[in-house]
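Take the two lone chains, each set in its own frame, and fit them into one complex as the hints suggest.
Going down the list, the sequences are from chains L and Y.
Read in our numbering, the first sequence has 588 at position 588, and its numbers run on one by one without any break.
Read in our numbering, the second sequence has 87 at position 87, and its numbers run on one by one without any break.
Hints are computed from structural coordinates only; laboratory data are not their basis.
Note that the Cβ used here is the ideal one computed from N, Cα and C, for glycine as well.
One thing to keep in mind: the hints can contain errors.
In silico contact screen, one side only, chain Y against chain L (beta carbon under 10 Å); selected entries [what the hints assert, rightly or not]:
{"#": "1", "residue": "M32"}
{"#": "2", "residue": "A33"}
{"#": "3", "residue": "E45"}
{"#": "4", "residue": "V48"}
{"#": "5", "residue": "S50"}
{"#": "6", "residue": "V51"}
{"#": "7", "residue": "Y52"}
{"#": "8", "residue": "R60"}
{"#": "9", "residue": "P71"}
{"#": "10", "residue": "E74"}
Far from chain L, some chain Y residues (derived; all Cβ distances over 12 Å) [unchecked claim]:
{"#": "11", "residue": "Q16"}
{"#": "12", "residue": "G27"}
{"#": "13", "residue": "E40"}
{"#": "14", "residue": "G43"}
{"#": "15", "residue": "E91"}
{"#": "16", "residue": "L93"}
{"#": "17", "residue": "R95"}
{"#": "18", "residue": "R97"}
{"#": "19", "residue": "G106"}
{"#": "20", "residue": "L107"}
{"#": "21", "residue": "N108"}
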Amino acid sequence: MTRRPHRPTPPRWASRLLAALLPWQYRDEHLGDLHEAFVRRAASGRGARRWYIRQVIRSLPSALRLRYQTRNDNPSGIGMDSFRQDLRFGIRALLRSPGFAVVSTLTLALAIGVNTSIFSLVSTVVFLDLPMRETGTAALIQGANVEMDINQGGVSPADYLDLVQRTRSFESLSALAHSQWVLTGGDNPIRIDGLQFTAGLTRTWDLPPVLGRGFAQGEDREGAPPVAMITYGYWHDQYGGRPDVLGRTIRLAGVEHTIIGVTDPRLEVANFRRARVITPLILNRAQPDRSARYLFVVGRLEPGVSQEAATAEVNRIGADLAREHPAEDAGWRLWSRPVRDALLNRNDNTILLLLSLTVGMVILIACANVANMLLARATARAREMALRSALGAGRRRLVRQLLTESLMISLAAAGLGLGFAYALNRALVLISAGQQSAFLMAKLDSRVLAFTLMVSLVAPLAFGLFPALRASAGSPDAALRGGRSVDGGRAGKRGRATLVTVQVSLALTLMVVASLLARTVINLQTRPLGIDAKDLLTARIDLPDAGYESAESRRIFFAQARAAAAPAMSSDRVELVSVLPGVDAGRLRSFLVEGRDTGEGRAQPTGLLVTVSTGYFDYVGMRVEEGRGFAESDDATSPPVALVSRAVADRYWPGTTPVGQRIQVSGDSAWIRIVGVVSDVRNLGRTRQGAPDIYRPFTQDAQQGMYLVARTATSTGLVAGPLRDAIRSVNANQPVDAIRTLDRAVHESHGSENALLTLFVTFAVFALIMSAMGIYGVMSYAVSQRRLEIGLRMALGAERGKVRWMVVSQGARLMGWGIAIGLLASFALSRLLANLIFGVSTTDPLTFIGVPAVLILVALVANLVPARRATTLDPAVALRAE
Amino acid sequence: MEETMPRGDYLGEFEQMVLLAVARLGGDAYGMAIVQELAEATGSEPAVASVYAALDRLARRRFVESEIGAPTPERGGRAKRFFSLLPAGAEALRRSRDVLDTLWDGLNLDPGARA
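Extracted from the complex, chain Y is given alone in its bound form (with noise of 0.2 Å):
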């Protein structure tokens, strides 16, 4: 399969913040659930096509897999796809926040800290 992402090491933003949803809903994260924890935290409601979209790039570069549930009345008789986080991502979460970390070790960003 070809990799049709760039291959960076690094995770953007909105990736790093699905990845974490998934990882914080462990076994219970799909499509709609990660939409909805990514609205508790940010207070706005992504829609639910770019999470699949962030999902997909993800999975491409083994961060996450996924599998099918059954379906369910509610959902018009359509199946659930839960995702899980996989080591990879696990590590590229850790990565990313331990870059973070370093670049923000010692600055302060106060208007009042600057002269």
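Chain L on its own, in the form it takes in the complex (with noise of 0.2 Å):
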């Protein structure tokens, strides 16, 4: 019996152990050496495998030892100069592809863009720096009515006053209102922002005056010398931060303030921002109308009492109040919450979570079409990475060469995506006309600054690492034989048929959210205003309170006014309405109904006050539907009148008529008669019933503050000047605000909205756009992969048809999945839609059909392209290519 002739290898597993451990540097030698003598003594059969175990077990040591000794030289290892060399590689390798480069920068910068904006919009309400000091133990108290669906109403004079003498859970209770005031003293009246703070407020928001002093006791009582503290940013625009202002004198609304402090720059967040002027807020019992829920409540806990204990007491002294006032009081309940919860509301939340979501998903999608730009490039290098890999270079070289690529394409997107969040956020201030102030406020300070390094850091491992990793795993031997294997074979094309799976489901979700998001806002514009508001030009003139105590005084510039304003406004005729319909709400008031008892602890009704002069209704557009519109003969000698919206009068007097009853508004004693119900005008609120609007004669019911209406075919901007100069001859110091037409009025009152349908929108093309570059690369890769199968077919006779069809069904095959996929995931994230959208279900069969339309639609063009360059093929051409 012969012995196959054998030859020896030592055992694989020690030397795979013993080159784990040594050094590069020695690697080779040691184990040739350990070979050399393993052979010699296999040949001469002296143990040769006991003998080479023991020796690498014995050198395991000083293998350490060795690599130890080693640890700092590194003539092409790691270290700053291979990382030099990577870079150098890196730039050379992305100059020579400059499409790739520009395209994939382009990509991310875009995803990295509007992750930057969103997040410091996510950032500034998030990490809102409170404009107080141990916001752990002060509280915020607020009024709720759960049949009027108002959760963070404020609180009424009345009741504060009450809550301050019950209360034994705070050991300071604040309010502050917001003001407006008329500053006169420079050369042209102008209206300010102010904040009315009572005298304790300073203290209990621990947030003392940079410069000065608050307001002490009593200076908050009528009749005490009229004091204003200033705001910090007022200070410095307005006075150039000096010292020396304290002292001096602001006159508002025609009264001498003296200047005594400079607030905290803390306050100047959110909508305290506007403010100028603080002044001392004056509450008294003389304002009984507990229905005027217009302060923000502040408390300070005692030492030791819990928010949750404080929360009982406060909802305790609010059934009392609602028991013992319940004209105006029932149904209303008082709340006090931790700050920072009370001041999030619940919708903004979810939007914020929202966004979120889907810069997440934005900037996923970048990621995984640079992935598969990375993985189809993979393939082009595969040649360059086989040499560079016979050269030497060890796999996690190449790898580390690789991730350097793509972390300078992700750190040149970080920096376009700066500029790109920038712009982007300038257009949703401009987009949302200021109406939000998360958008006002969003910043790109440092927080932002660092959040886009980390994305542009980690942004890199998840495109690049994958395609990194299949890259450099390829056998030279092959590679270099110019062999057709090199393209990653079945894993690699499942990868990128994945990535492009992933792509299509989310852009689908995105689109299904826009879409949502779309017909709500849709919706909710396209209720009928109520009136017709072409060519209706509209300005704002608020009286102040000096010199304009009495009703009588107040209807006499108002008469002078429109007697002035008519030819500067070009217009016959102008009219008065305290409110512009879609822009702003009356004055929230309930109401008793005369001879009906409203029940025990129920709400009592409600209605929003507006006043209007006697020619509205008719000048407007709005009809009189039962009863009589307001007269001449309504004036401040005859008896009150009142018109009400037919909301009104359906929600109040179903199945009857409230023509002839008599109400009772609460803050007001008189008793007036509704002769007649009016049109409705649309509701602030999202529901498609009308407004709950109460009308009051400007002739019986003088407010200080209207808006003048005029149908002109002249150009606001024509206007603004005759118009102030027309108001001026009547009083010199009164100014005009808000000049606009009510379409743009009404547009401006939509500018969150606006804004935040132009951020979806804007995501979902970018994901659909995202999608159909994924869906073309890869199937122009595939074709190209198949020109010499396709080339094959067609030389043989296959027909066009047919071939494309080939194509076409491969690529469909990729987003049928990705539908499916993106359907489910839709479905999930409409449910947190739910209390956004308005005037359309979640599962909207418009959206869920509609949308993965578009999507198929969108896709199959990018899919056709390379269907037809594959069926447009030379058969000889292709053949001969291989």
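In structure tokens, the structure reads:
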């Protein structure tokens, strides 16, 4: 029996183990030495394997020591030199394929841009620096009315004063209200925003003035000498930050106020940031109207009292007040909540979550696309990689090289993306018309920059690692011989197909969200306005307290103003209204119906008080549906009258008519007779019902602030100057604000909705383009890979149509999966939207059929281009190319 | 390049032995040959890696230098690294020997000679 000659080899595991531990400098020679001795021993049959294993094990400590000794010298390995080399190679590689470099950088830049922009919004809200210290022991006290769907209302002055008296949980309470002032003393009278503080507010909020002092006890009483604080921003803008501002006076509404302090700059957040001056909030028992809930109340907890205990006490006091003052407080509850929780409402939270999810998807889609491009490129570079590998570059080195390239793309994209984010933030401010303070406040601060940097460092791992591992995995042998197997084989194709599927499903989800939001916005904005807005020009006049204390003086002013404004506005008539339909809401008041008992614990009927001039309804095209409109005879001396809107009549007088009934509006003892029902105007809330308006004639209810409304074909720009002059001819100190068409005003009031919609549509379009590019990339790559096969088929007489179908159906399979997964994800996500959408179901068939249809259409086009290319291929050329 | 070992003027015993083996082997001083030389002299075979560790330290002190030879089939296609003694290495060996000679001079450690 002859034995086959057998060449002995040392145990693989042992040599592998040693190779792993030895530093590369001594790896080859060491293993070579062992191998040589092993072969010699094996030849003489002297337990070669045992010897080898013993040698390896005894060598391990020294191998480690050797590695330690050589840890710092790296002629070609790890270190700064090689990083520089990677960079140089990377730049060269990217310059060699500028198309790839530009497209992938732009793709990522867009994605990083929107991510940065949205993060700046989210961080503004989430990390909102509240203008108070120790927010843990501060609570916001708010009114809520379940029936009217008000969660975060204010508190009325009388309720506030009772609360201050009764509470044991709070060491101090403070109230704040917004106000507006006419500032005179400069060239023109101007209107500025202000805040009113109770005396203890700066202490309760723990926000001491940066200069001077806050309001002292007694300064918030009627008859105290007028004093004011100014905000930090106004101090710098107007007084150059000079300390001698203290003691100067500022003329507000015709009264000189002494400046006593400058507030902390932290006050200037959210909707406080428009304020310039702060005056004492004067509260007294003489303001009995508990339904005027306009105070923003903050309390500081007694040491040792928990937020929960405070909430329970505030709840109890609220319930007591509702019992004691059923006419106004029935149905209302008082809540106390930790400040931070209270300032974020539920819908805002949903929007933020939705935005974060969405931008997350956008960046995933972008990464998938770049990964796809890299995978395709990996094929093209297989030879380069193989060559470098054959020349001694380790796999880790190759991966590092490829990741360096990815990182360069990503960092360039981050730079571009920051610019894009800046532009997007500006655009959002413009589109939202300053309606959403988060847009105004969103800044690219250091937190945002850190976020962007992090994204751009993590992204290359997401989109670059897999392609890099793929590219470096090929065997140099096969690649250099130029075999067809270098495209990564089946696994590579499957990788790209998965990426496209993911892209399609993400794009579909985004498009569904955008579609639902678009339909919501359209539904909201196409509800009938209720008036004929054509050519309606509006301007706001707010009279100061001083000089206009009497109703008569206000009637005289507005009569003169109407007369003077008509020629200036090129109109024959000017009418008055206290709030513009579709833009702002009237004063919320509860009312009693004569002879009707509301019932224990039920909320009082409520309406929004709107004051109009006698001819207003007729002029703007509102119909008097029952009873009569206002007449010249309804004046200050005749019995008080009102009209109610159709919505109010239907709600509180269902099946009957309110005409002839009398109501008593809270805060006013007079009984008012309802003389008619007028057609509805658009509700500002998310409902199809009209606004619950109660109209009073200006002759009987002369308000200080009214809009002038005139129909004119002249443009706003031409009217503004003459109108201001006309009003100044009536009162030289009276400014005119908000000169704009009603259409413009309505549009501005939808600003934040439009901005949000713009965002989501942008995301959706971006996602659609990305996935179309993804499909195109994969399919044209697949076609180029199958050139030989297609050429053969055509040469053998296959029909063009069949070949084209073969290609298209391959792409369709990818899409089918993407759409199926995307639909499932959309259904899940649309639940989140339930509170945000209006007039459309979360499973809206139009959306869930239309969106996939659009996606399929776009994808088919992206698919047909490579398919056409496949069939127009000249078989001869295709075959010769091999 | 950083000096990783403490800069001593003297050689350790194992370093001395490795250095002497390199010197004795002349132009044929590669890993396995040095190991065998040491094995014959001491009667026990050192781990190959410990020899390389010593040679690496010696190379850092400029006592030896090395160059890569050609790969051969009996080594599994791997090359040999040949070490050769540098003048500083020879000087170090001589100095060590001088120091030892000086210390040994006149000393008798036989048990009978101690009294």
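So, going through the hints one by one against the coordinates:
For M32 of chain Y, the shortest C-beta to C-beta distance to chain L is roughly 4 Å, which falls under 10 Å, so the interface hint holds. Residue-level restraint check for A33 of chain Y holds (minimum Cβ-Cβ distance to chain L is 9 Å; threshold 10 Å). About 8 Å separates the beta-carbon of E45 of chain Y from the nearest beta-carbon of chain L, less than 10 Å, and the hint is met. Of the supplied interface hints, the one on V48 of chain Y holds, with its beta-carbon coming within about 5 Å of a beta-carbon of chain L, less than 10 Å.
Interface hint status for S50 of chain Y: upheld, as the beta-carbon distance to the closest one in chain L is roughly 4 Å, under 10 Å. Satisfaction of the interface hint for V51 of chain Y is found here, the shortest Cβ-Cβ separation to chain L being roughly 8 Å, below the 10 Å cut-off. Taking 10 Å as the C-beta contact cut-off toward chain L, the hint placing Y52 of chain Y at the interface holds, the least distance being around 5 Å. The restraint placing R60 of chain Y at the interface with chain L holds, with a minimum CB-CB distance near 8 Å, inside the 10 Å limit.
The interface hint given for P71 of chain Y is met, as the beta carbon of that residue sits about 8 Å from the closest beta carbon of chain L, less than 10 Å. Against a cut-off of 10 Å between C-beta atoms, the interface hint on E74 of chain Y holds, since the closest Cβ of chain L lies about 5 Å away. With a cut of 12 Å on Cβ distances, Q16 of chain Y stays outside the contact zone with chain L, its closest approach being about 17 Å. With a closest Cβ-Cβ approach of about 16 Å to chain L, G27 of chain Y is found to remain outside the 12 Å limit, as its non-interface label requires.
Interface exclusion of E40 of chain Y from chain L stands, the closest Cβ pair being 14 Å apart, more than 12 Å. Annotated as non-interface, G43 of chain Y keeps its C-beta farther than 12 Å from every C-beta of chain L; the closest such distance is 16 Å. Even its closest Cβ contact with chain L, about 23 Å, leaves E91 of chain Y beyond 12 Å, as expected for a residue assigned away from the interface. Against the 12 Å criterion, L93 of chain Y stays outside the reach of chain L, whose nearest CB is about 21 Å from its own CB.
With 12 Å as the threshold on Cβ separation, the claim that R95 of chain Y sits away from chain L holds: the shortest Cβ distance comes to roughly 23 Å. With a cut of 12 Å on Cβ distances, R97 of chain Y stays outside the contact zone with chain L, its closest approach being about 26 Å. Distance check for G106 of chain Y against chain L: the nearest CB is about 38 Å away, which clears 12 Å, and the non-interface claim stands. Distance to chain L confirms L107 of chain Y as a non-interface residue, since its nearest Cβ pair spans about 34 Å, more than 12 Å.
In this structure N108 of chain Y is separated from chain L by more than 12 Å, as the shortest Cβ-Cβ distance comes to about 37 Å.
Of the numbered hints given earlier, the model fails none.
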